[in-house]
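**Q** Start from the sequences, fold in the hints, and give me the full structure.
Protein chains in written order, with this note's numbering: chain H, 2 to 512; chain R, 7 to 426; chain U, 34 to 440.
Where hints are given, some of them may not hold.
Said to hold, decoys possible - Just some of the chain R residues that point at chain H, by a computed CB distance under 8 Å:
id: 1; residue: Ile68
id: 2; residue: Tyr71
id: 3; residue: Thr276
id: 4; residue: Ala283
id: 5; residue: Gly294
id: 6; residue: Gly295
id: 7; residue: Arg299
Bear in mind the hints are in silico, worked out from the structure with no lab data behind them. Note that beta-carbon positions come from the ideal geometry of N, C-alpha and C, so glycine has one too.
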Amino acid sequence: MADEVVLELRGITKRFPGIVANDHVDFELRRGEVHALLGENGAGKSTLMNILYGLYSADEGEILLRGKPVGFGSAREAIRSGIGMVHQHFMLIPVMSVAENIILATEPTQAGVFLDYGAAAKRVEELSRAFGLALDPDEKIQNITVGQQQRVEILKALYRNADVLILDEPTAVLTPQEAGELFEIIRTLQREGTSIIFITHKLNEVLDIADRISVLRRGKKVGTVPREGATEAGLARLMVGREVLFRVEKTPSTPGETLLQVANLSAVDDRGLGAVNGISFEVRAGEIVGIAGVDNNGQSELIDVIAGLRRPAEGRVTVGGKDYTRSSARAMIDDARVGHIPEDRHLRGLILDFSLAENFALHDYRKEPDSKLGWLFPRRLIAKARRLIEEFDVRGGGPATRAGSLSGGNQQKLVVAREVERDPRVLIAAQPTRGLDVGAIEFVHRRLIAERDEGRGILLVSLELEEILSLSDRILVIYEGRIVGEFSPEATEEELGLAMTGGGREAVAAA
Amino acid sequence: MSTGPPVAAGAPAPGGPGAVPSVARRLALYQRAGGIVTPLLTAMFAFMMGGVVVLATGHNPIATYRAIFKGTGLTWFGEFAEWLFRLATFQSHVFPGDTDAALNLQQTLIVMTPLMLTGLAVAFAFRCGLFNIGAQGQYLVGQMAAVGFGTLWAGLGGTLHLFLAVTLAALAGALWGGIAGFLKATVGAHEVITTIMLNWIAIWVAAYLVGLGGPMQDPSQAFFPISSTIHEAAKLPVFWGDAELQGLHVGLFIAFAMLVVYWTTLNRTTLGYEVRAVGFNPEAARYGGISVRRNYFLAMAISGFFAGLAGALDILGWQFHIAQADIEASTIGFIGIAVALLGRNTAVGVFFASLVFAGLYVGTSTRQLDPSVFDPELASNLTLIIQGLVVLFVGADLLILYVWSARRKLPWVRGKAAQA
Amino acid sequence: MSSGTAAVGGRDLPAWLAVTPRRVGIAGIALGAAAFWLALPPLLTRTVIWPIIVAVLALAAGAFAIRAGERRVGWGAVASGLVGIVGAVWATQWSSTSDLEEVFVWSALLAATLRFATPLTFAAIGGMFSERSGVTNIALEGKMLAGAFFGIWGADRYGSWEAGLGIAMLAGGLLALLHAFFAIHLRADQIVGGTAINFLALGLTGYLFIDQYGSEGTGANISQIPDVHLPGLEDVYFIGPSIGQLNLLIWLSFALLIASYLVMFRMPLGLRIRSVGEHPRAADTVGISVYGIRYFAVTLSGVLAALGGAYLSIGLVHSFNEGMTKGRGFIALAAVIFGNWRPFGAFGAALLFGFSSALALRLGPAYGTNYGTLFQALPYLLTLIAVAGVIGRSIPPAAIGRPYRKQ
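**A** Put into structure tokens, the structure is as follows:
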């Protein structure tokens, strides 16, 4: 039974304008196995699975499910054939309950007309117990933890009798502890005969959970290896095609005076719930302080407060000795000279419909020489833009080009240039390399180190532990709005991971 | 319609992929993609569909449109060109100052004046990402204020009285728009609903003010629900046509000047920079240090200023008083929406679009349209239909994308690409 | 709150009796209304003291609720208290008892309130379905107007009010289908598209009206929707004049309220509609047709809004005038928002606005026609305040207003 082939993809090809997302990919899944699909961002993993799940249609190739050729035109057909998918961004409705989300579109009814909530809750509880998933059917999604939400997604698939389960980057939003719990659940599912496809870009996980590993690179499958004998380095080479440099070179830091000081800061998030709960730390000149943590543990709100975009309920923010706790964003930018590379460059960093020159001027347009008494001087904006474009090697257009037509990497260069050019004292970098290709990532990392060496204080917030370990001189771990540990860059991922789940509080006392 | 709810962990952030682009963003896309072709096509398409309606109800569309066109007075330019030609070739010439076409053109330009301004009003708000449906109410407030200030201060000198009346009335419009802006800035109330409510409040309060026994009713006409007439000193000078018969007044030039003010404000001032930034991406503007709320308020107030000015110019230029019947019947503010959209929120666009709609408005009015060809009351409703179609088509990107992709297929474009 | 008891001052009370800030706030709203009511028939208190005392209690209740975090209800109580004071002063100091008695005939007011609220109810429920599926519905006004015209035209042409209603619903549905096509398939900006529909409806109905009826208007003797006479109740005190002979469509609106609640919250269809409005991609991935649901909801909104408009023309006014809906479609939308996208909440808001219209109508004859004109602004002012006070506190369907892109 272990060798029975449940699913086979042959020669799957999918083209989008300008790119071949999947290039004649073959893939095979045996019953009861966990088969990992490994690859960098953009390698084609999600596309392949979306084709399988009926959300895309393949241009070439065929899919055989239990020996029979199938082609799903919609998710509904895939579900009916026993394929379930747990997406990376959860497909859950926050204001509805666990049970409502699970039964959606396959609702049990009384007299064929009315919803039978009782039957739904009962079935949910049955499944929960069978697979060790422990969920309360009546809780609203927005009130449960991310780990629990993921379990709802799994339950959704099981409710529809899925025996092939696709998990798309499932640990991206989990703490290491929750990831461990997930792996337990996966093993239980395996025992019950479910076959699992596990999509990820994380090498260490793959060696933990997978029976076989298929590696995709730039749309092509470059190999399928069994777990025995596979090494991280070997897999990395397959993924990237060359030796991967995991750390950036840098000289040790020599921190100077304290530039940014945060004392006992507390703030609420958009829903009014406590997000930052009494945080204190400082950033000195010439050092990079990295804040590590799983998403949604207060990092975004912390940055918002420091940048002047959110009022803290308590605490103080001091820059260069002056108090800026209740200052506006403009005051932080102009007076306190705090630069901010925001988390989402499309949403917060850039105005895509503005030209490059106008984007460069986003902080300075009110001051001379860009303007005087409210009157703008476009030519001066353009001159400044030209200078910055050259200095930072921003490619894709000139000062009058619309910012939206630049590539992601060049857009981020624009944002970095704009912030750095104003000679800030403190620079906040929030997820600075999200969605960038390797070359752009390298650029940003080198730039941050360079700015550190110029004597600025840099606060780095990132979800990628590798980035934190690579760049930071000191590492703080945030969990549920508190700093729960301080580490040196020699710390291991396990130590950090443990702190990120709330363990390791002793480390705080030691710091 | 208002601020979204909290986002579940792992869900795409609002404003990221799949966010609602503001009307400013969409129309900016149109400008890049379509240039001048798409507004022309849109207008043509709308007129065609209007013709279908005319045909379906048993009338002759060609004759109808021809009659409407005659009423617009645009044929006067032909007469003007002929006069120039005769002048240049030393033939006998008479300046066509009061031909039928001239009179019609005067009427068109009289209507174009407020339309340019209400178009600018709606356009300015759109640029900041706001939909100002309240231009009608702001226009009305401007009218009422103009009547109010025009009937006060009997002894004040002409220019001063005029200047005060115009400015104060425009500011009254700004106040009315500012209410909606304030509500949006403070509690996030959606401007569409608040401005519509303010429209109706303005209409009913104005109806009360000039109604029988109302505080602004003309005491010398006790049985008519109409306001007093403004003083001579407060009337705008007429420069073409007979002042006694609704000649064309200098308000036209004030409106032209406002086109320049609009463009300059948006593209050469820091205020305009902020307004545009907020219109394109409020979150990024906020992160850049711009106060989104302040700009929402200012944009609505400035928008109201333009609309109020329109009302002021109409009263001080040719209406001179306001009747209860006119209050509810007026649609200048609503046509402004179509003008702004067709004109893609640009000064030049608003200029041409307002000319088109002014022509349509005048050409279909009772005075101009020959009832034997087409009933004018029917025709004014036809105008509404055409406006609706214009707004409908502009609201859909499809026409734009169709034209854009059609461009690529054109042989000379492909040839150029091959050479590059 | 999930436990069965609540502690108050050390004693345990059953949960339903507990004094929570929210309940204090609601009591405050009631107190403010009571303050005003004290000065009105049948009590007609002529001293202003008692109403003022009650109103002050309302203000206090509101302040308490606000401090305890229940801001929406708290501010509602404060507003209610202020209204109570102003109203009481107006009633006792500036109005004679005969005027008050002429205006405030409660049974007639109730009947008039229901009559004015019904078009709003129909449109609001339609709007609720559309908005719950994620499509902003600015076009309720246009659909209502279309229903008003085609309703009376149908009743005239085919001689029966049933035909009128049927044709009205058809017209509203078709107009809504057009709106849906632009908003869903072409992914046009929903508010701009809705505004266009309103223009189109105004122009089309006006055009056809003049074309068919010229300047004489729709004439008399058009089939009217009948009233429902409740046997035996007609002469009962208060009940008789208020609900003893309401129009059939008013009763239908009650039925519709209950039906819409059941559909939206107790049936699979409602769950699916709500899911499409909250997270369309999630609904898509479990196999729900997002486009299908949205088309259905928007078309339904057109049918219902048109029904409301038809009631206005065939059932209430018995004629048609150009633009006769006068912004009621927008008030209906405000009712949806004010009622938190739930049918009974929207109905409550519709009643409030209907009451203000009914009151405005009665104030005219008693206090002078011009005064009456001024009071016509009351429903719109009320809507403005309601929307300003409520928006930002109420949570709309998460995906509302965003066109959905299928992949």
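**Q** Next step is simple, just say for each hint if it's right about the structure.
**A** Status of the hints after comparison with the structure:
A cut of 8 Å between beta carbons decides the hint on Ile68/R: the least distance to chain H is about 42 Å, and the hint is violated. For Tyr71/R, the interface hint is violated, since its Cβ never comes within 8 Å of a Cβ in chain H; the closest pair sits about 38 Å apart. Given hint, Thr276/R at the interface with chain H, holds; its Cβ is 5 Å from that chain's nearest Cβ, closer than 8 Å. With a cut of 8 Å, the hint placing Ala283/R at the interface with chain H holds, because the nearest CB-to-CB distance is about 5 Å.
Of the supplied interface hints, the one on Gly294/R holds, with its beta-carbon coming within about 4 Å of a beta-carbon of chain H, less than 8 Å. This hint holds: Gly295/R has a C-beta 4 Å from the nearest C-beta of chain H, less than the 8 Å allowed. Interface hint status for Arg299/R: violated, as the beta-carbon distance to the closest one in chain H is roughly 11 Å, over 8 Å.
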